[in-house]
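The primary structure of each chain is shown beneath.
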Amino acid sequence: MLLQLLKKNAASVFFIVFGVAALAMMGTQIVSGSATIAAESRQFPTLMLSMMVILSALSLVIEYVKLRKNPPETSTPVFTAGMRKVLIVIIAITLWIVLLTKVGFILCTAALLLVITLVAGNRKPLSIALLTVVCPLLVYYIFSQLLNTRLPEILFK
Amino acid sequence: MDMLLSSLANVFTLSAILAMLGGSAVGMLIGSMPGLSASMGVALFLPFTFGMDASSGILLLISIYCSAIYSGSISAILINTPGTSAATATLLDGFALTKKGKARKALDMSLQASVIGGLLSGVVLLAFAPQIARWALTFGPAEYFALGLMGLTIIAGVSSEGVVKGLVLGCFGFFISTIGVDPVSGITRFTLGVKDLISGVDQIPAMIGLFAIAEMFTQIESGAMRLTGDVKIDKDRLSWREMLPFKNVILKSSVIGMIVGAIPGTGSGTAAFLAYKTAKGSSKHPEEYGQGSLEALSATESANNAVTGAALIPMLTLGIPGDAVTAILMGGLTIQGLAPGPQLFEKNGVLVYTIMIGFLVANIIMYFEGKLAIRGFSKICNIPNYILIPVVICCCLVGAFAVHNSLYAVKVALVFGIIAYLISRFGYKNLVAVLIAIILGPIVEQNFRRALVLSGGSPSIFFTRPICLVIILISVGSIVWPLIKAHKKRTSAATKVEK
Numbered sequence: 001m002l003l004q005l006l007k008k009n010a011a012s013v014f015f016i017v018f019g020v021a022a023l024a025m026m027g028t029q030i031v032s033g034s035a036t037i038a039a040e041s042r043q044f045p046t047l048m049l050s051m052m053v054i055l056s057a058l059s060l061v062i063e064y065v066k067l068r069k070n071p072p073e074t075s076t077p078v079f080t081a082g083m084r085k086v087l088i089v090i091i092a093i094t095l096w097i098v099l100l101t102k103v104g105f106i107l108c109t110a111a112l113l114l115v116i117t118l119v120a121g122n123r124k125p126l127s128i129a130l131l132t133v134v135c136p137l138l139v140y141y142i143f144s145q146l147l148n149t150r151l152p153e154i155l156f157k
Numbered sequence: 158m159d160m161l162l163s164s165l166a167n168v169f170t171l172s173a174i175l176a177m178l179g180g181s182a183v184g185m186l187i188g189s190m191p192g193l194s195a196s197m198g199v200a201l202f203l204p205f206t207f208g209m210d211a212s213s214g215i216l217l218l219i220s221i222y223c224s225a226i227y228s229g230s231i232s233a234i235l236i237n238t239p240g241t242s243a244a245t246a247t248l249l250d251g252f253a254l255t256k257k258g259k260a261r262k263a264l265d266m267s268l269q270a271s272v273i274g275g276l277l278s279g280v281v282l283l284a285f286a287p288q289i290a291r292w293a294l295t296f297g298p299a300e301y302f303a304l305g306l307m308g309l310t311i312i313a314g315v316s317s318e319g320v321v322k323g324l325v326l327g328c329f330g331f332f333i334s335t336i337g338v339d340p341v342s343g344i345t346r347f348t349l350g351v352k353d354l355i356s357g358v359d360q361i362p363a364m365i366g367l368f369a370i371a372e373m374f375t376q377i378e379s380g381a382m383r384l385t386g387d388v389k390i391d392k393d394r395l396s397w398r399e400m401l402p403f404k405n406v407i408l409k410s411s412v413i414g415m416i417v418g419a420i421p422g423t424g425s426g427t428a429a430f431l432a433y434k435t436a437k438g439s440s441k442h443p444e445e446y447g448q449g450s451l452e453a454l455s456a457t458e459s460a461n462n463a464v465t466g467a468a469l470i471p472m473l474t475l476g477i478p479g480d481a482v483t484a485i486l487m488g489g490l491t492i493q494g495l496a497p498g499p500q501l502f503e504k505n506g507v508l509v510y511t512i513m514i515g516f517l518v519a520n521i522i523m524y525f526e527g528k529l530a531i532r533g534f535s536k537i538c539n540i541p542n543y544i545l546i547p548v549v550i551c552c553c554l555v556g557a558f559a560v561h562n563s564l565y566a567v568k569v570a571l572v573f574g575i576i577a578y579l580i581s582r583f584g585y586k587n588l589v590a591v592l593i594a595i596i597l598g599p600i601v602e603q604n605f606r607r608a609l610v611l612s613g614g615s616p617s618i619f620f621t622r623p624i625c626l627v628i629i630l631i632s633v634g635s636i637v638w639p640l641i642k643a644h645k646k647r648t649s650a651a652t653k654v655e656k
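Order-wise, the sequence lines are chains V and W. Take the first sequence: its letter number 59 is residue 59 in our numbering, and every next letter is one higher. For any residue, its number in our numbering is found by taking its place in the second sequence, counting from 1, and adding 157.
Extracted from the complex, chain V is given alone in its bound form:
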């Protein structure tokens, strides 16, 4: 039951771990020559992080009581096929960020769009081709020409 509770409330666990880690780092992350100034600067984040940890723990307790009253008949998997698709898209976006300045906006974006549209279930070659060609060019034109955004060019100057 404990495992089921933690699986279902992974976000609460995240907030507790995050809060405790940030509180532990407080001494190294807020530093000043004056102890009074440092203490004043630490006051608000300490209060917020402490409340976050306490309330997340309280939320876990509430969920535990609920779970004990109404135990689920089947356990639900944490990672679904849908989440795997999201993971692929996150990796693709991360690569887009890493490669953007090396490859250039248009090619990089075309590759990203190709991955996302395939992951989202597009199997029509014409629609894929149109999307990966037209969208990057259109977005590039709107942002760089009309909105003066300096997108990395490299291959298509």
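It is worth saying that the hints were derived from the structure and are not from the lab. It is possible that some hints are incorrect.
Said to hold, decoys possible - Restraint-style ranges between C-beta atoms, simulated for each label pair:
1. V:Gly33 to W:Ser163: 47 to 55 Å
2. W:Val572 to V:Leu23: 34 to 42 Å
3. W:Gly447 to V:Lys69: 29 to 37 Å
4. W:Gly380 to V:Ala10: 19 to 27 Å
5. W:Gly447 to V:Asn148: 50 to 58 Å
6. V:Arg150 to W:Ser439: 52 to 60 Å
7. W:Phe620 to V:Lys69: 34 to 42 Å
8. V:Ala10 to W:Met158: 53 to 61 Å
9. W:Ser649 to V:Phe79: 32 to 40 Å
10. W:Asn405 to V:Lys66: 39 to 47 Å
11. W:Val280 to V:Gly27: 23 to 31 Å
12. W:Leu401 to V:Ala10: 50 to 58 Å
13. W:Ser649 to V:Leu118: 49 to 57 Å
As the list claims (entries may be wrong) - Calculated cross-link-like contacts (lysine-lysine; reagent style PhoX-like; alpha-carbon spacing at most 25 Å):
14. V:Lys66 to W:Lys568
15. W:Lys568 to V:Lys85
16. W:Lys586 to V:Lys66
17. V:Lys7 to W:Lys586
18. W:Lys568 to V:Lys102
Given the structure is predicted, the values throughout are model-derived calculations rather than measurements. Even for Gly, the Cβ is constructed at its ideal location relative to N, Cα and C.
Model the placement of chain W on the given structure of chain V, informed by the hints.
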């Protein structure tokens, strides 16, 4: 008077008119596509305002807001799926009318009632906002601290997954707002040695991540290709004369929408359901409700659009955003170097009046564009997700990049998108609380510390000033009341089981 004339001149400049025309069209497109919300649309188009003058930029965002709230009803009427949460109540009768072959009448009613609701709330905004701002000028740091706290506690209190989780998200957002240089002492906090973090977490990419990227991740996970098949719209229109019997319902529902809209954390969806319930209670034909009633549709649609103008009141006058959209609009004002609140009326009166008059004009533009586009709506509703998702993600990434022409903002947007997707996947869905806390964090912290300096370190300052005390009591009430309600519900359910 001079201010009003200057504002009128600002509203009718070519750039402002084009911004409102474009904003209305974009808002309609976004609102009518299920899965794309009004807040997401406004966040997505925020980067477009960087290069615009302040009034055109804000009017673009306001036009998107009004049109998206209205057009959420289009997919609710045509394909039984609300485009935005504001149109959930419209489902009850909208789709039933389509099934009866009265899709055109339903769409016309939705547009006309929305425009009336929007215009009425615009008039209220114009009439009351300056008075509230004048009153708010008397507020000190203690009152501002209490107001900031109230903005968050009300939103946490109405959180669907419970007050505790809403407060956790609020604390998380407040903590995020402390990253960077401490505005009071000037020392850095939680920058982890990253130079970009010295100026803090940028609100715009954070908003794009929280509301647009996270939503797209959820859509990808759901795997829905599109929501329904083709729909046809008949030619039987609804005239203004046919709307006359519904005038009282529309007026009453608009008032409900305005009251609900002015309260932080409530939103268009709540207003629409409340108006629906009230209209049904006083209707001569309550049996028609849920079976395709034009009266019901007039109630829900006028109420949800009446929220839009009223929701701008706390944002413009007090600097307290009531929901996600107004929080993003506040971000839009900040980008232009303007700080919402009573000082805005003093220092930038012309701009404030431009926004308020522009709000009225945006609703009128929405009417004409809606009439022109009504027949094309069935096609918009059917754009498949595999086209929509890549295009939206691409716009999100480039939009975040455009904030500072740097990849740092894209990384912020992605990190917030991932966090928002995961925490909402695991039971924390009230992401508005995070956003509001990020925006209100500096206001709350600075005023808290200033108030303590003024009182020589004594917290009694928060309880001895009457306005501050009342606001703090409302904040406490907004947390305690849902808990009492939930307890009562549990005990009555237990009593029923025992019986």
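* To do: If any of the earlier hints don't hold here, list their numbers in rising order.
  => 2, 11 and 14
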